[in-house]
Amino acid sequence: MKRIGVADTTFARVDMASAALLALRGAGTGFRVYRRTVPGIKDLAVACRQLFQEDSVDLCLVLGMPGPAELDKNSAFIASLGLQFASVLEGKPIVECFVHEGEARDARELDHLARRRAEEHALNAYHLLFRPQELARHAGEGLRQGFADAGPVRPRR
Amino acid sequence: MKRIGVADTTFARVDMASAALLALRGAGTGFRVYRRTVPGIKDLAVACRQLFQEDSVDLCLVLGMPGPAELDKNSAFIASLGLQFASVLEGKPIVECFVHEGEARDARELDHLARRRAEEHALNAYHLLFRPQELARHAGEGLRQGFADAGPVRPRR
Amino acid sequence: MKRIGVADTTFARVDMASAALLALRGAGTGFRVYRRTVPGIKDLAVACRQLFQEDSVDLCLVLGMPGPAELDKNSAFIASLGLQFASVLEGKPIVECFVHEGEARDARELDHLARRRAEEHALNAYHLLFRPQELARHAGEGLRQGFADAGPVRPRR
Amino acid sequence: MKRIGVADTTFARVDMASAALLALRGAGTGFRVYRRTVPGIKDLAVACRQLFQEDSVDLCLVLGMPGPAELDKNSAFIASLGLQFASVLEGKPIVECFVHEGEARDARELDHLARRRAEEHALNAYHLLFRPQELARHAGEGLRQGFADAGPVRPRR
Amino acid sequence: MKRIGVADTTFARVDMASAALLALRGAGTGFRVYRRTVPGIKDLAVACRQLFQEDSVDLCLVLGMPGPAELDKNSAFIASLGLQFASVLEGKPIVECFVHEGEARDARELDHLARRRAEEHALNAYHLLFRPQELARHAGEGLRQGFADAGPVRPRR
Numbered sequence: 001m002k003r004i005g006v007a008d009t010t011f012a013r014v015d016m017a018s019a020a021l022l023a024l025r026g027a028g029t030g031f032r033v034y035r036r037t038v039p040g041i042k043d044l045a046v047a048c049r050q051l052f053q054e055d056s057v058d059l060c061l062v063l064g065m066p067g068p069a070e071l072d073k074n075s076a077f078i079a080s081l082g083l084q085f086a087s088v089l090e091g092k093p094i095v096e097c098f099v100h101e102g103e104a105r106d107a108r109e110l111d112h113l114a115r116r117r118a119e120e121h122a123l124n125a126y127h128l129l130f131r132p133q134e135l136a137r138h139a140g141e142g143l144r145q146g147f148a149d150a151g152p153v154r155p156r157r
Numbered sequence: 001m002k003r004i005g006v007a008d009t010t011f012a013r014v015d016m017a018s019a020a021l022l023a024l025r026g027a028g029t030g031f032r033v034y035r036r037t038v039p040g041i042k043d044l045a046v047a048c049r050q051l052f053q054e055d056s057v058d059l060c061l062v063l064g065m066p067g068p069a070e071l072d073k074n075s076a077f078i079a080s081l082g083l084q085f086a087s088v089l090e091g092k093p094i095v096e097c098f099v100h101e102g103e104a105r106d107a108r109e110l111d112h113l114a115r116r117r118a119e120e121h122a123l124n125a126y127h128l129l130f131r132p133q134e135l136a137r138h139a140g141e142g143l144r145q146g147f148a149d150a151g152p153v154r155p156r157r
Numbered sequence: 001m002k003r004i005g006v007a008d009t010t011f012a013r014v015d016m017a018s019a020a021l022l023a024l025r026g027a028g029t030g031f032r033v034y035r036r037t038v039p040g041i042k043d044l045a046v047a048c049r050q051l052f053q054e055d056s057v058d059l060c061l062v063l064g065m066p067g068p069a070e071l072d073k074n075s076a077f078i079a080s081l082g083l084q085f086a087s088v089l090e091g092k093p094i095v096e097c098f099v100h101e102g103e104a105r106d107a108r109e110l111d112h113l114a115r116r117r118a119e120e121h122a123l124n125a126y127h128l129l130f131r132p133q134e135l136a137r138h139a140g141e142g143l144r145q146g147f148a149d150a151g152p153v154r155p156r157r
Numbered sequence: 001m002k003r004i005g006v007a008d009t010t011f012a013r014v015d016m017a018s019a020a021l022l023a024l025r026g027a028g029t030g031f032r033v034y035r036r037t038v039p040g041i042k043d044l045a046v047a048c049r050q051l052f053q054e055d056s057v058d059l060c061l062v063l064g065m066p067g068p069a070e071l072d073k074n075s076a077f078i079a080s081l082g083l084q085f086a087s088v089l090e091g092k093p094i095v096e097c098f099v100h101e102g103e104a105r106d107a108r109e110l111d112h113l114a115r116r117r118a119e120e121h122a123l124n125a126y127h128l129l130f131r132p133q134e135l136a137r138h139a140g141e142g143l144r145q146g147f148a149d150a151g152p153v154r155p156r157r
Numbered sequence: 001m002k003r004i005g006v007a008d009t010t011f012a013r014v015d016m017a018s019a020a021l022l023a024l025r026g027a028g029t030g031f032r033v034y035r036r037t038v039p040g041i042k043d044l045a046v047a048c049r050q051l052f053q054e055d056s057v058d059l060c061l062v063l064g065m066p067g068p069a070e071l072d073k074n075s076a077f078i079a080s081l082g083l084q085f086a087s088v089l090e091g092k093p094i095v096e097c098f099v100h101e102g103e104a105r106d107a108r109e110l111d112h113l114a115r116r117r118a119e120e121h122a123l124n125a126y127h128l129l130f131r132p133q134e135l136a137r138h139a140g141e142g143l144r145q146g147f148a149d150a151g152p153v154r155p156r157r
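Residue numbers (the working numbering), protein chains in the order written: chain A, 1 to 157; chain B, 1 to 157; chain C, 1 to 157; chain D, 1 to 157; chain E, 1 to 157.
Careful, some of the hints might be misleading.
Just so you know, same-sequence chains aren't split out, so a pair can sit in one copy or run between any two.
Below, simulated SDA-like cross-link-like pairs (lysine to any residue); rule was C-alpha separation at most 20 Å, straight line [said to hold, decoys possible]:
| id | residue 1 | residue 2 |
| --- | --- | --- |
| 1 | 73 | 149 |
| 2 | 73 | 32 |
| 3 | 2 | 70 |
| 4 | 2 | 106 |
| 5 | 73 | 100 |
| 6 | 73 | 150 |
Derived from the structure by calculation, the hints contain no laboratory data. Quick caveat, the model's predicted, so the values are computed rather than measured.
Chain A with its partners taken away, still in its complex shape (with noise of 0.2 Å):
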């Protein structure tokens, strides 16, 4: 039985973490999940790290929605430094999923592409831990999780 952290916030405008969830249970079975919610995603981190010191789960996916302000995207890039250091620390898998609210360009859109990327990027966490031969098989295709994939610049040969 293996263990799936997921980590998400108070500040995102989506409840990303239920697509995941649904997106992680239509995949298989074999694991438990660890859930902790956090106000910001520069709290995500360290979210991680407890879920691995303290859940022994072995990979988290965080969430989280960045707003459209300078501040925001220096806290987004700061979020993601330290979920680096976290990752490289734990030698565990750290899957982001962030959706910046400049990336849609209304309401709905948002809302839709958060969920998508969400459920993206929980098979994404499933596969690194399941079946990674599944990531592989798509090596350099220019998958995207959200939106349409940008597909290989040339057809494999």
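Dock chains B, C, D and E against chain A, hints included.
Chains B, C, D and E only, in chain A's frame:
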């Protein structure tokens, strides 16, 4: 009995710690506060490290007010990265409550914003330690500290 | 028998790892390859950490292709810092081979650039492990990977 | 007997350490100073690390003067991050006193600013070690070093 | 007998290491040099880590020449942060000697600047190890490497 560290600065132009302490004490009991005041925001990360190591606090709340100049913004960025590093290294939360001078239009608003954000982050700190389910209940709801909540993109289903 | 880790992404739009593996195998023998494919470039640092810790590789070659948007540039920056951290922590080289979409004028050039850079960095990785004197011989000669060498500012005396 | 480390550079254009040492000695007794001079600000973090590890100092005061060019600003940023890292790792304060050339209008003002800021940060260092209550007493009062204090946004109640 | 590590790159367009080695040898005796050449500046931090760990050097001198493009500037930033991390972690100095292509107006000046800066930083490295009082004697005197010294803002009193 839990221990909460509070670190603030002489640089800030509002006594955010007093507002935070009142809010903490209004939130509940079962904790003791350890406080350190340092010159500026770049001194906060090591103050937290000392609160964790010397005073065995379970969580730190840090309060800072970067100035409006470009150099101040850099300082805030650097300070935040130091806080990420300290927090992940310790595996204990550091709730960062920064108010940038430029976020408010005048002195009155800055004063109000700073106190209110300090109070609301004090509550976040309290919830992280004592009532994590309060945070989980509001996951993805677009909560803000100091300003009005942004709210969820779409009403909860 | 040395061990070389190769980490790449499903985000990249060219299968750089195949080009790298061919080049590695053309360069010589005496090594075994361990490969991991992750979703995006921010997942590469921990993939290396795991290759070092779980597969005992002596060096990692990482292949990534950041997109053209501002957010993608930030991701590349963050990913590179994560790689620095992992590499220094382990005391083992991580050869970073990133191709930014904006470096090429069209799909054909991007494809060519990505494969060629992957090959040339694969050779760098091979030299670091097996023939460091090859690198020393070209110190300060303005070598490039993917594009033509810049060459030395002044001809060697 | 406490130990204070002082690290400065040959790059700076004002002998800030002399001003700092005078201020330290004027502030009180009960400490011994250990000093290291390095070429530039990026050498300060490891100088502190050595002061902590080899000379067992309890706190470091670092003095630097980044130049006016873009590259110099980057260097200051990098140096500050190194100082965060060293300080948190050791769990001991590093009081950073940087004066950017662009902060002053002319040579006279730069000289004055650098000496004055060095003195005031020396006092901060002294207070951190010997009289933390002095800092606590001025929490949130908008203190500055080198320039006039900004003061609190609103008078204390 | 002290040990000095020298790390340089094949990316640089001037053979800065040769200039540095000549300067080191002209400065005095009592040391042995360990050299590693890596592909680019982002490989320097781990090269230093290996020089410290595998060759037990007491100090590293790193020589690099970032290109003129935006991506190159980012690489320099990342490389410098890696060097900070390695240096602080080891508690041993890494003297960073980078020359940015844009610092010189033409090939001749770039060549001259790179060699001269390498020589002057080699001397700094030598002083750090053998004659720290030489550095202390010039504290705050506005020394530069490669270009003419900026000099002190005001003549020494």
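Could you work out which earlier hints the structure fails to respect and list their numbers in ascending sequence?
2, 3, 4
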